[in-house]
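Chemist: Per the UniProt record's numbering, the sequence shown starts with residue 1, numbered consecutively.
Any given hint could turn out to be false.
What the hints assert, rightly or not - Subject to a maximum C-alpha distance of 25 Å in a straight line, what follows is the list of computed BS3-like cross-link-like pairs (lysine-lysine):
1) K111 x K8
2) K73 x K34
3) K86 x K26
4) K124 x K103
5) K73 x K103
6) K121 x K79
7) K5 x K86
8) K26 x K79
9) K86 x K41
10) K86 x K34
11) K124 x K66
12) K103 x K8
13) K124 x K113
14) K86 x K124
15) K66 x K26
16) K79 x K113
17) K5 x K26
18) K33 x K113
19) K34 x K8
20) K79 x K5
21) K113 x K8
If you're looking for bench data, these hints aren't it; they were derived computationally from the structure.
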Amino acid sequence: MKTHKLTKPFYIAITHLFYAFSMIDKRMTVQEKKEIVGSVKEEWATNEFGFDSEELIYETMRDLIKENLSADKAYENFKAYFIVNKELFTRQINLDLLDACHKICNAVNGKNKSELILLTKLHKLVHESTHK
1 MKTHKLTKPF YIAITHLFYA FSMIDKRMTV QEKKEIVGSV KEEWATNEFG FDSEELIYET
61 MRDLIKENLS ADKAYENFKA YFIVNKELFT RQINLDLLDA CHKICNAVNG KNKSELILLT
121 KLHKLVHEST HK
């Protein structure tokens with residue numbers, strides 16, 4: 001899956017994305033946390049780049065929760081990183097991110113309006129980057 005060396009900023013950026021999806025309705029549920037943990041263990045946990053990505057993601061998530069960062073700001077942080085580092089976001093990585101975000105949104109009673117709007121923004125961002 002990984003053709004480029006993924007750095008700590010990459011994992012911090014995707015944590016901002018997961019946080020944005022879990023906090024878009026102003027609260028992170030236990031079910032959403034479980035989906036994030038599941039996705040991290042399944043797709044994003046590695047020591048291959050000289051650090052423990054799983055621990056970095058959880059540490060970053062704890063910091064974002066403590067900071068009480070808004071979901072919109074967290075998404076904008078991810079988007080800014082994505083735009084500058086498009087070459088890291090392969091088709092497979094984008095699909096895995098979209099899948100993880102859909103799972104977070106579906107964790108509690110399906111997708112609400114805020115989640116659908118955020119998913120639309122993410123789909124548009126990913127689609128535009130792969131079709132230029």
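Chemist: Taking the hints in turn, state whether each one holds.
Modeler: Now the hints, each set against the structure:
no.	hint	result
1	K111 x K8	violated, 30 Å
2	K73 x K34	holds, 23 Å
3	K86 x K26	violated, 29 Å
4	K124 x K103	holds, 18 Å
5	K73 x K103	holds, 21 Å
6	K121 x K79	holds, 10 Å
7	K5 x K86	holds, 13 Å
8	K26 x K79	holds, 20 Å
9	K86 x K41	holds, 24 Å
10	K86 x K34	violated, 28 Å
11	K124 x K66	violated, 30 Å
12	K103 x K8	holds, 24 Å
13	K124 x K113	holds, 17 Å
14	K86 x K124	holds, 14 Å
15	K66 x K26	holds, 14 Å
16	K79 x K113	holds, 20 Å
17	K5 x K26	violated, 34 Å
18	K33 x K113	holds, 20 Å
19	K34 x K8	holds, 22 Å
20	K79 x K5	holds, 19 Å
21	K113 x K8	violated, 32 Å
When held up to the earlier numbered hints, the structure conflicts with 1, 3, 10, 11, 17, 21 and fits the remainder.
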